[in-house]
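Undergrad: With the sequences and hints as input, model every part of the structure.
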Amino acid sequence: MRHRPLGLGVSGLQDLLFKRRLPFDSAGAREVNKKVFEAIYFGAMQMSVELARCNGPYASYEGSPLSKGKLACDLWGSEPQMHEYFDWEGLRRDLAAFGARNSLLIALMPTASSSTLLGVNECFEPITANVYLRKTLSGEFVLINRYLVQDLCERGIWSDDLAQQLIAANGSVSEIEGVPTDIKALYRTAWEISNRAIIDMAAERHPWVCQSQSMNLFLKHPTASSLTRMYYYAFNKGLKSIVYYLRMQPKA
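According to full-length UniProt numbering, the sequence shown holds residues 1 to 252 in order.
Don't read these hints as lab results, they were simulated from the structure.
Every residue gets a Cβ at the ideal spot worked out from N, C-alpha and C, and that includes glycine.
Hints are supplied without guarantee of correctness; some may be wrong.
Cut-off 16 Å, straight-line C-alpha distance, at most; resulting in silico cross-link-like pairs (EDC-like, lysine to aspartate or glutamate) [what the hints assert, rightly or not]:
| # | residue 1 | residue 2 |
| --- | --- | --- |
| 1 | K35 | E79 |
| 2 | K237 | E204 |
| 3 | K220 | D182 |
| 4 | K34 | D200 |
| 5 | K35 | E154 |
| 6 | K237 | E192 |
| 7 | K19 | D200 |
| 8 | K19 | D151 |
| 9 | K237 | E79 |
| 10 | K35 | D200 |
| 11 | K35 | D87 |
| 12 | K70 | E89 |
| 13 | K240 | D182 |
| 14 | K240 | E204 |
| 15 | K220 | E204 |
| 16 | K19 | D182 |
| 17 | K35 | E84 |
Just the calculated beta-carbon pair ranges, DEER-fashion [unchecked claim]:
| # | residue 1 | residue 2 | range |
| --- | --- | --- | --- |
| 18 | K19 | A112 | 16 to 24 Å |
| 19 | I157 | R196 | 29 to 37 Å |
| 20 | G63 | R146 | 44 to 52 Å |
TA: Given below as structure tokens:
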């Protein structure tokens, strides 16, 4: 309890992007990504300072970066954009006056089980398929992306035949005839999105992540050269953790 670290994470970033109608690798999605994690870090730090005001800072606070007024974003090496609707100057003043109750706050974990319970997509990942089989102790269940179904119903093109085409395509709408282009762009899966886009978003939220993040990457059929390029790209972006799981698809 000397350091009192916490690990606050997130679920359903992809759900938010679906609701905002932003393709995962779009400029708008990248802006939302930065704002979401700035908000999480600001709120967590604000509460930690308030707890320190009431109960005192954590035992090993003296000599820490926080005791010197350095927030997680100050240790990143480059200054991220801070939005004016967060009172960062006020937070820094309160931190100097009262300290912080927790040495660490943010750790972006996979959330596989909790996301299922909440009915949202895992952590900060793009969706891996628009239809998939979920296995539990109670049996097997076919789950379909409800946002996609709602959009297709509103366009008047959802049908049993389209559902079967979606299953046959392993949850991808990209090659299904009759699906509008904007729907195909919005509902691309992790296998259809560049890993560079996933890495870029991880790097852009990293200034607000004082621990690290469990980032999965997706390559259908990886090779030594493709892995090397991908890992060096993540390394050069400054990520603390290069990859959590490398997801692959079995050969046919």
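Undergrad: Could you run down the list of hints and mark each one as holding or not?
TA: Results of checking the hints against the structure:
no.	hint	result
1	K35 with E79	holds (15 Å)
2	K237 with E204	holds (9 Å)
3	K220 with D182	violated (24 Å)
4	K34 with D200	holds (11 Å)
5	K35 with E154	violated (30 Å)
6	K237 with E192	violated (22 Å)
7	K19 with D200	violated (21 Å)
8	K19 with D151	holds (11 Å)
9	K237 with E79	holds (14 Å)
10	K35 with D200	holds (15 Å)
11	K35 with D87	holds (14 Å)
12	K70 with E89	holds (12 Å)
13	K240 with D182	violated (35 Å)
14	K240 with E204	holds (13 Å)
15	K220 with E204	violated (25 Å)
16	K19 with D182	holds (14 Å)
17	K35 with E84	holds (11 Å)
18	K19 with A112: 16 to 24 Å	holds (22 Å)
19	I157 with R196: 29 to 37 Å	holds (32 Å)
20	G63 with R146: 44 to 52 Å	holds (50 Å)
Going through the hint list in order, the structure does not satisfy hints 3, 5, 6, 7, 13 and 15.
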